[in-house]
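Asks: If you're matching them up, the sequences are chains A and B in order. Here the first sequence is numbered in this note's numbering, starting from 1 and rising by one per residue. Here the second sequence is numbered in this note's numbering, starting from 1 and rising by one per residue.
Please keep in mind that the hints were generated in silico from the structure rather than gathered at the bench. Be a bit skeptical, because a hint or two may be false.
As the list claims (entries may be wrong) - Computed, partial: chain A to chain B, Cβ under 7 angstroms: (1) 30; (2) 39; (3) 49; (4) 54; (5) 101; (6) 102; (7) 118; (8) 192.
Bear in mind the structure is a predicted one, so any value in this text is a computation, not a measurement. Note that beta-carbon positions come from the ideal geometry of N, C-alpha and C, so glycine has one too.
2 protein chains.
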Amino acid sequence: MTDDLAELESASRRLADSVRRLIDATIRTQVDAAALVEVSHAIDFATEELSAAMMPSSFGVQATEDGRPMAWGNVMIGLRNAVAPPLVVNRGSDSAVWSDFALGAAYEGPPGLVHGGVCAMVLDHVLGATAHEPGRAAFTGTLRIRFLRGTPLGELRAQAHVDRVEGAKTFAVGHLADARGVTVEADGVFIHPREQTPGG
Amino acid sequence: MTDDLAELESASRRLADSVRRLIDATIRTQVDAAALVEVSHAIDFATEELSAAMMPSSFGVQATEDGRPMAWGNVMIGLRNAVAPPLVVNRGSDSAVWSDFALGAAYEGPPGLVHGGVCAMVLDHVLGATAHEPGRAAFTGTLRIRFLRGTPLGELRAQAHVDRVEGAKTFAVGHLADARGVTVEADGVFIHPREQTPGG
Chain A
1 MTDDLAELES
11 ASRRLADSVR
21 RLIDATIRTQ
31 VDAAALVEVS
41 HAIDFATEEL
51 SAAMMPSSFG
61 VQATEDGRPM
71 AWGNVMIGLR
81 NAVAPPLVVN
91 RGSDSAVWSD
101 FALGAAYEGP
111 PGLVHGGVCA
121 MVLDHVLGAT
131 AHEPGRAAFT
141 GTLRIRFLRG
151 TPLGELRAQA
161 HVDRVEGAKT
171 FAVGHLADAR
181 GVTVEADGVF
191 IHPREQTPGG
Chain B
1 MTDDLAELES
11 ASRRLADSVR
21 RLIDATIRTQ
31 VDAAALVEVS
41 HAIDFATEEL
51 SAAMMPSSFG
61 VQATEDGRPM
71 AWGNVMIGLR
81 NAVAPPLVVN
91 RGSDSAVWSD
101 FALGAAYEGP
111 PGLVHGGVCA
121 MVLDHVLGAT
131 AHEPGRAAFT
141 GTLRIRFLRG
151 TPLGELRAQA
161 HVDRVEGAKT
171 FAVGHLADAR
181 GVTVEADGVF
191 IHPREQTPGG
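Whole structure, please, built from the sequences with the hints as guidance.
Replies: Structure below.
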């Protein structure tokens, strides 16, 4: 990685972290309406600064000079995307993958609990990661989710492994867990397309 | 609604909209590292202003003086949550529900496409909405998602209806579509718990 790219990556990470804290504060603040409007003006000014030079569409997957793919805008792993927790997916020696992460107020559904849809989103990504290969993304074919109990906001782990492979199809199973154990189970079929098609 | 609450709601909505535009610009900007760091400082300052008075945990579901529930922090519908598109769920005369919304760069998975996990998240919420009643939330029991093709970023509709009800269980079906037609299908079982349990 060139020094310039390393510097840009570090500054991008710092900015996304700042925006994550802002999202959390926007939800939880108890300051009055006048103060909220004042902060809105400051945010709009910051957005204008960033808009001085913008790519015309979404980030996509860009390549570094040495061909490394950068998915900086990805909603689950993108280091520039403040919506992403972001997930860091670890890979074991076999097909196992796992990710430890924390979900705060921005991911809430029922009071104190992670929204069921967020659980599904994380599991889609982590199960799909068992099938991803560098430069050869896998797309979700089907996904089944079983909710065993509520998932509390806080520290969580998602993990998955390959159950079997049939041609272009990878069958993966996994779960989401808190310190007390499994909260949500999932299985899914992930497909390596000949060309780009469906949606994971 | 009291004037004070209406004013707070309006200012909250404005701030979350500003933060959404900031999230998008953070992903798509092409300004240099020094400018990113400068903007980070401005964001941190704004977060400090909001942190002058903060609720100790997540927003949860708070009640207005007249007993109306406010899920302002909800990751899918919360008007204070910049992660939420936010969805506005419409209800037909029968069990049908639908939501028209746009997903931008912050929801990307494969280049130009909505992340499959985001599709699952939206469908969980919209199918679940068929079973929700005021003051009586339904939790996701199981959810099955079938991806037919990639879902492009942009204008989308999610819709769902009740297939049948068996005791505390509501069986819902639905889909996500773009202007060309259905991209993702889903069915799920949603449960009205006696007490608070699982996770939608």
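Asks: So, residue 192 of chain A near chain B? Judge it on the closest CB pair being under 7 angstroms.
Replies: With Cβ-Cβ at 13 angstroms, over 7 angstroms, it is violated.
Asks: Take the shortest C-beta to C-beta distance between residue 102 of chain A and chain B; is it under 7 angstroms?
Replies: Status violated, d = 13 angstroms.
Asks: Is the shortest C-beta separation between residue 54 of chain A and chain B less than 7 angstroms?
Replies: 5 angstroms, holds
Asks: Identify whether the interface hint at residue 101 of chain A stands, where standing means a beta carbon of chain B within less than 7 angstroms of its own.
Replies: 14 angstroms, violated
Asks: Taking the least C-beta to C-beta distance, is residue 30 of chain A closer than 7 angstroms to chain B?
Replies: 4 angstroms, holds
Asks: May I ask you to test the interface hint for residue 118 of chain A with respect to chain B, counting a Cβ-Cβ separation under 7 angstroms as satisfied?
Replies: 6 angstroms, holds
Asks: Under 7 angstroms, Cβ to Cβ, is where residue 49 of chain A needs to be relative to chain B, so tell me if that hint holds or is violated.
Replies: With Cβ-Cβ at 5 angstroms, under 7 angstroms, it holds.
Asks: Just to be careful: measuring from the Cβ of residue 39 of chain A to every Cβ in chain B, is the smallest value less than 7 angstroms?
Replies: Holds: closest Cβ of chain B sits about 5 angstroms from residue 39 of chain A, inside 7 angstroms.
Violated hints, listed in ascending order, are 5, 6 and 8; each of the other numbered hints is respected by the structure.
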